[in-house]
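Read off the chains here:
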Amino acid sequence: MTEVPISWFLTLSAVLFVLGVAGFLFRRNIITVFMSIELMLNAVNLTFITFSYQLKRVNGHLFAFFVMVVAAAEAAVGLAIILTIFKNRGTLNIDDVDSMKN
Amino acid sequence: MSQFYTSTDHFTIIPAVMLALFGCAILLFDFLVFPDPRQRKYLLIFVALAEGFTGYALYRQTEWLTANGQTSLTGFGGSVTVDGFGIFFNWIFVIAAMIVAVVSYKYLEISGEHHGEYYGLILFAQSGMYFLATGTDLITLFIGLELMALTFYVMVGFLRTDKRSNEAAIKYLLLGAFSSGFLVYGFSLMYGMAGSTKLAVVAEAIRQRPLWDPVVFLALATTSVGLLFKISAAPFHMWAPDAYEGAPTTVTAYLAVASKAASIAFLLRIFMGPFWSAKEVWEPILSVVAVLTMTVGNLAAINQTNIKRLLAYSSISHAGYMLLGLVAGNDTGINGIAVYVMVYTFMNLGAFLVVVALRRQNIIGEDLDDIAGLMSRSPGYAVLMLIFLLSLAGIPPTAGFLGKYYIFLSLIQTGHFTLAVIGTLYVAVAIYYYFKIVRSMFIRESTEKAPMATSAGLRLALGVSGVLTLAIGVYPEPFLRLAQTSLLR
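Heads up: the protein sequence lines correspond to chains Z and V, in order.
Residue numbering for the first sequence follows my numbering, beginning at 1 and increasing consecutively.
Residue numbering for the second sequence follows my numbering, beginning at 1 and increasing consecutively.
Honestly, the hints are just simulated from the structure, not real lab data.
Ideal Cβ positions, reconstructed from N, Cα and C, are used throughout, including at glycine.
Hints are not guaranteed to be accurate.
[Unchecked claim] Heads up, incomplete: computed chain V residues facing chain Z, CB under 10 Å, no partners named:
id	residue
1	Phe142
2	Tyr153
3	Arg164
4	Asn166
5	Ala168
6	Ala169
7	Ile170
8	Lys171
9	Tyr185
10	Phe187
11	Tyr191
12	Gly192
13	Gly195
14	Ser196
15	Pro241
16	Arg309
[Said to hold, decoys possible] Beyond 10 Å from chain V on every Cβ pair, some chain Z residues (computed):
id	residue
17	Glu3
18	Leu19
19	Phe26
20	Asp95
[Claimed, not checked] Here are the in silico distance ranges between beta carbons for each label pair:
id	chain 1	residue 1	chain 2	residue 2	range
21	Z	Ala14	V	Pro210	16 to 24 Å
22	V	Pro379	Z	Leu79	44 to 52 Å
23	Z	Leu55	V	Gln70	27 to 35 Å
24	V	Thr62	Z	Leu55	32 to 40 Å
25	V	Phe11	Z	Ile6	34 to 42 Å
26	Z	Val4	V	Leu480	52 to 60 Å
Same shape as in the complex, but just chain Z (with noise of 0.2 Å):
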């Protein structure tokens, strides 16, 4: 049996990563830009989880570890903050939350 060529991985992971970026800079809703940004760790983590099992050594997977960590709190902290804006705003499109301007 043949086995996946490392770089397939890294490709995949890479071209996660950009579409997270794309989401990130051409979706309006908040929520969905937010959703980008956890692909583009998940990206990441691929990336890690790829070099961790082509070295044969385990702190990348500890960083994969880590990275969920702090995207789980960054979800709580970011959902609690969304949640304000849109009590204060009734609206999650990220053109309308732009008051600052001069």
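Following the hints, position chain V against chain Z.
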């Protein structure tokens, strides 16, 4: 198998442990002992104790280093390194956190959002900063950064019913998380090259690769996005004016001073560690970024009418000056950054504290009109603000001159004459917009007569910042010697 948690390990992280424990104690006591909102200012005792223990631990670490004749002490198998650099930056965080905590209660009471967890968040953010200044492992640095950033997202949005505060929080959160995504992608590539997350091993792996290696370049580019965002360098500065304007002014002061100092420490750890051998690659990039940062900061500040926004753009331009020290890259330049960060802490804290005092019942107090005629109303505040602004502009005999002097000196020593000239020209622009505030204070008539919102803590903090801003400028030797201890390498 080595021991899991030795006394050396403990010794290297004790300040952060103290801060986290006292932060938890504050959350608990706020809930159980001080249900009455008027008693919440007694939580300051816990902050003072935490900072006292942290300061003592830092002092003991310094003592240990001098007693054993070592330059650094590593714990956790090289994940945390206590050295002069980390200790120096941590003293800055201790002072900034203490000053911010002391001035906050009056401001938060007026804003109607005086909650105990505010003081806990200050300490949690500071324990994140501890790991940013002392971490020498990608995981430690990442967790430290996120601990600091997450607490700041909450603090920026602390005024829950205020639309501007919400908006500032969501902008800071989204852009902050976006940039740390880039940063951690860069970290994953560094790990892939080295097979280890230790900065020293990563540095060795990068040194063995060719100078223009594409993987090194990609890692450098993505990591730089995250780092430059954190110090609010152009073109990743967009969050700063909004976050600074919308956040409670006390949080703005903490964000502008401590968060920026910690991010500069982080940036130096990365650029002087793993990426040092690729200096030829990043030097031109960082020069362009520094010039762009000074341009954006100084030119955009000219038209601002909101003082917090103006100071936000000014703090962007200061980040540009600090980057110039890294571009020069010799000992004078790196030492110059340490001096600059120290000086910047006191003068910028002072300037924001005056804005804190302008917030009174039913008066937001952030506009240039609100500070008009301050000289006739409260001359003490006006004179102090004048000192801080002169220092921010870099005019002797204030401390700000000293910071800029070493940066420009290092640029000239390393032959970056164009950068030195550009930097000097922007000082002239900066004088123009700082004097807009001065003119408003001294020449214009005041529009309202409400007295400044003072408190004992605020007066003390202003006095300390004012005295230090002048003292560093007039008698710099002891402060320079302190900054000398912070040299990396």
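Against the structure shown, which of the earlier numbered hints fail to hold, in ascending order?
none
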